[in-house]
Amino acid sequence: MLFEDPVLASRFLTLMTLTFHIIYATIGVGVPLFIMIAHWIGIRKNDEHYIIMARRWSRGYMVTVAVGVVTGTIIGLQLSLLWPNFMEIAGQIIALPLFMETFAFFFEAIFLGIYAYTWDRFDNQRKHFLLLIPVAIGGGMSAFFITIVNSFMNTPTGFEMVDGALVHANPIAAMFNPAMPTKVSHVVATAYMTAAFLLASITAFKLLKGSRHVYYKKALYLTMKIGLIFSIASAIIGDFSGKLLAEYQPEKLAAAEWHFETEGEAPLVMYGFLDKNQEVHYAIKVPYMLSILAHSNPTAEVIGLNEFKPEETPPLIVHYFFDSMVTIGMFLLVLSLIYWMGIRRHWAFVRSTFFRWLIVLSGPLAFLAMEFGWWLAEVGRQPWILRGIMTVEEAATSSDYVNVMIVLFALLYIVLGVGTVVVLRRIFKNNPIEVELKGNDSP
Amino acid sequence: MSLEILGITVLWTFLFGYVIIGSIDYGAGFFNAYSIITGKQHILSRIIQQYLSPVWEITNVFFVFFFVGIVGFFPQTAYYIGTIFLVPGSIGLILLAIRGSYYAFETYSSRGHKGYAFMYGLTGLLIPASLSTVLAISEGGFVYLTNGSPVLDYAALFTSPLSWSIVVLSIVAVLYISAVFLTWYANQTGDVEATNLMRKYALIWALPLIITAGGIVYELSFHNPEHYERIVNLWWMFAVSFLLWILTVWFIWNRKNYGTAVWLLIGQFMFAFYAYGISHYPYILYPILTIHEGFTNRAMAISLVVVFILGFALLLPSLYLVFKLFLFNKEYVQGKYKK
Chain A
1 MLFEDPVLAS RFLTLMTLTF HIIYATIGVG VPLFIMIAHW IGIRKNDEHY
51 IIMARRWSRG YMVTVAVGVV TGTIIGLQLS LLWPNFMEIA GQIIALPLFM
101 ETFAFFFEAI FLGIYAYTWD RFDNQRKHFL LLIPVAIGGG MSAFFITIVN
151 SFMNTPTGFE MVDGALVHAN PIAAMFNPAM PTKVSHVVAT AYMTAAFLLA
201 SITAFKLLKG SRHVYYKKAL YLTMKIGLIF SIASAIIGDF SGKLLAEYQP
251 EKLAAAEWHF ETEGEAPLVM YGFLDKNQEV HYAIKVPYML SILAHSNPTA
301 EVIGLNEFKP EETPPLIVHY FFDSMVTIGM FLLVLSLIYW MGIRRHWAFV
351 RSTFFRWLIV LSGPLAFLAM EFGWWLAEVG RQPWILRGIM TVEEAATSSD
401 YVNVMIVLFA LLYIVLGVGT VVVLRRIFKN NPIEVELKGN DSP
Chain B
1001 MSLEILGITV LWTFLFGYVI IGSIDYGAGF FNAYSIITGK QHILSRIIQQ
1051 YLSPVWEITN VFFVFFFVGI VGFFPQTAYY IGTIFLVPGS IGLILLAIRG
1101 SYYAFETYSS RGHKGYAFMY GLTGLLIPAS LSTVLAISEG GFVYLTNGSP
1151 VLDYAALFTS PLSWSIVVLS IVAVLYISAV FLTWYANQTG DVEATNLMRK
1201 YALIWALPLI ITAGGIVYEL SFHNPEHYER IVNLWWMFAV SFLLWILTVW
1251 FIWNRKNYGT AVWLLIGQFM FAFYAYGISH YPYILYPILT IHEGFTNRAM
1301 AISLVVVFIL GFALLLPSLY LVFKLFLFNK EYVQGKYKK
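If you read the sequences in order, they're chains A and B.
In this text, residue positions in the first sequence follow this note's numbering: the first is 1, and each later residue adds one.
In this text, residue positions in the second sequence follow this note's numbering: the first is 1001, and each later residue adds one.
Simulated from the structure, these hints should not be mistaken for laboratory data.
Here the structure is a predicted model, which means the values were calculated and not measured.
Any given hint could be a false lead.
To be verified - Far from chain B, some chain A residues (derived; all Cβ distances over 10 Å):
1) L8
2) R44
3) E48
4) Q78
5) G140
6) V184
7) G388
8) E394
9) L416
10) G419
Said to hold, decoys possible - No farther apart than 20 Å at their CA atoms in a straight line, the calculated lysine to any residue pairs in the SDA-like style are these:
11) B:K1040 - B:Q1050
12) B:K1114 - A:I427
13) A:K45 - A:R56
14) B:K1324 - A:A116
15) A:K429 - B:E1106
16) B:K1324 - A:L131
17) A:K127 - B:V1322
18) B:K1324 - A:G419
19) B:K1114 - A:R426
20) B:K1114 - A:G419
21) A:K127 - B:P1317
22) A:K127 - B:L1321
Beta carbons are placed, not taken as given, at the ideal position from N, Cα and C, and that holds for glycine.
Please work from the sequences and hints to get the whole structure.
Spelled out as structure tokens, the structure:
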């Protein structure tokens, strides 16, 4: 079978579940903002196009949320099934945000259900719009609470370990751990950013396929503009994350940067490859940049990987995760900036086929960047599950059947993934915008 | 009331909520699939679409609440149950996923697929079956410790009459609870044909329910005499439950007060469920883990209770809104709004 060792098997199954779930979770957190903005503009400008936009987005959103509920339930229970020793510790100190997350999601689910099934029930559109506020808040709070749990795994605080037992637990201090502010804001901002490029990408694709409706032009401008805002926000927060890592998880930053020797005036190493002697070849080196990223000071000393025991350093592949995430993020920032300026200044090329293909690419790229970010966060924490306290080795289940479960869940995720695409295509193919707008107004 | 008792009461209440609304959901799916096979699809599918689609995510969250809550209040349970429950738990999750995806893929895209509906119906029976094994496991005798870590004895579990009785009871309960509820709901929609069909199902499953429930108590007298004795000491609660069962059946038999029948049914299960829970005290997992040993620290317990109260204050009005709009709204129930 795939893995003899239950620890590796558990890691792989968790990787698979999280990689799949995060796609739906990101849509679940990000898209409500866009439904809300579109609905609001529609009401303010009295523009039917934006109302329909909100309605169509929410229709697709319902499907992804439903699958997200499923995968979220899976990861929630899998944590206990695969990492029972970790959850025994976590339960004592970080169960509070997990519990809160359930409430937040409950809140979101309730109002989303109401919103989706009551389009024809309110005479006043504003009342119907109000239902979206708890949906967006619930989605944002879900991300907030669950990311707190993840940040706690990176910088655990609020308790002491005495002879293997957890004492002096302070659940509130654990929630407000050092990594919390940057991690939470990075996750939420990138969720909005990813959702923006997802919607922009679909819209650009429709335009390329020959739809000339002004509806799409409005949608594209709106999503690209918001995408730009959150790209900038994500980049700024990313910079703060670098400083946080330098202080609290220097080994993660060092591994992401292939920074081996502690030194000042450290350059930022992009790409390249390592030979047997850990020499970096063919890399792009930006002088002073790592020192700036870590400490806002071009001469500041950055701790290198050689300061750590080899068994306590993360796999060096995280370097590529980090570089890919940053590269894509920068590309999306520039792309949306050019588009936004181009539309304002009537540059013709932003309406060209080539540029639109770039926008089509932006959606998948944004998701890829987000996956890279999570792999960096999770693989970069290895060998720890709870940094400095418990390793994944100590946390994993002793059960022998994880292998079989990997196969079952892999099949399940394939079915769910394919099903999502098929169903979404069917929903929109049978009901194109031109048909939906007919009877409402003329284009 | 000590914090342990408060914690387990909160969790048991969530589980009770899940048992009731989950059963309605699971049973409805099964009846839907069954009616497709027997060619009576038109009778039930509309009711199921209307009632289940807006609320299934809420149903699911009750389950999540339970297992997230138990990790917080009784972290050692996460260790024991997590280790031994990998296989039945994963199977339950995959079945839940199939079920959730049915809602995701079928109801929002309005094109029925028979095979899918059939699978969806089947999961309605298999999920309670797989999840209820944890109740059998909790009675002890199926878990032994090797080098301090718990191992589940599958052979013993699969050959035990007790575990099979619990599985059968969970399925019968699902069908009965669901049939009684849908009788009332169909009656609200004014659909006489559907009401009669569901009434028939309710009456069919009423007797098997009591027989299997009695069977489990009998099995327990051999399997876990200590628990059996505590059940006997609580005989009055089970007696109340039995009376409520008689009343429910009586109302349904006489085709009146379907709404009261639903409340009586909830009362019946409440007494039986809490009596079972109380008699299980103090053990979570016989004889390894009690609620006292497995309890979390004081700070976590208090903060969980506070969050629980605040959360509930937020949720109750929202739930009220859902019920007002979907369950008790005459015009919606009668299908006067389009989706």
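Going through the hints against the structure:
{"no.": "1", "hint": "L8", "result": "15 Å, holds"}
{"no.": "2", "hint": "R44", "result": "26 Å, holds"}
{"no.": "3", "hint": "E48", "result": "18 Å, holds"}
{"no.": "4", "hint": "Q78", "result": "7 Å, violated"}
{"no.": "5", "hint": "G140", "result": "15 Å, holds"}
{"no.": "6", "hint": "V184", "result": "18 Å, holds"}
{"no.": "7", "hint": "G388", "result": "20 Å, holds"}
{"no.": "8", "hint": "E394", "result": "12 Å, holds"}
{"no.": "9", "hint": "L416", "result": "6 Å, violated"}
{"no.": "10", "hint": "G419", "result": "5 Å, violated"}
{"no.": "11", "hint": "B:K1040 - B:Q1050", "result": "17 Å, holds"}
{"no.": "12", "hint": "B:K1114 - A:I427", "result": "19 Å, holds"}
{"no.": "13", "hint": "A:K45 - A:R56", "result": "18 Å, holds"}
{"no.": "14", "hint": "B:K1324 - A:A116", "result": "16 Å, holds"}
{"no.": "15", "hint": "A:K429 - B:E1106", "result": "16 Å, holds"}
{"no.": "16", "hint": "B:K1324 - A:L131", "result": "15 Å, holds"}
{"no.": "17", "hint": "A:K127 - B:V1322", "result": "15 Å, holds"}
{"no.": "18", "hint": "B:K1324 - A:G419", "result": "33 Å, violated"}
{"no.": "19", "hint": "B:K1114 - A:R426", "result": "18 Å, holds"}
{"no.": "20", "hint": "B:K1114 - A:G419", "result": "16 Å, holds"}
{"no.": "21", "hint": "A:K127 - B:P1317", "result": "17 Å, holds"}
{"no.": "22", "hint": "A:K127 - B:L1321", "result": "14 Å, holds"}
Hint compliance for this structure: hints 4, 9, 10, 18 are broken, all remaining hints hold.
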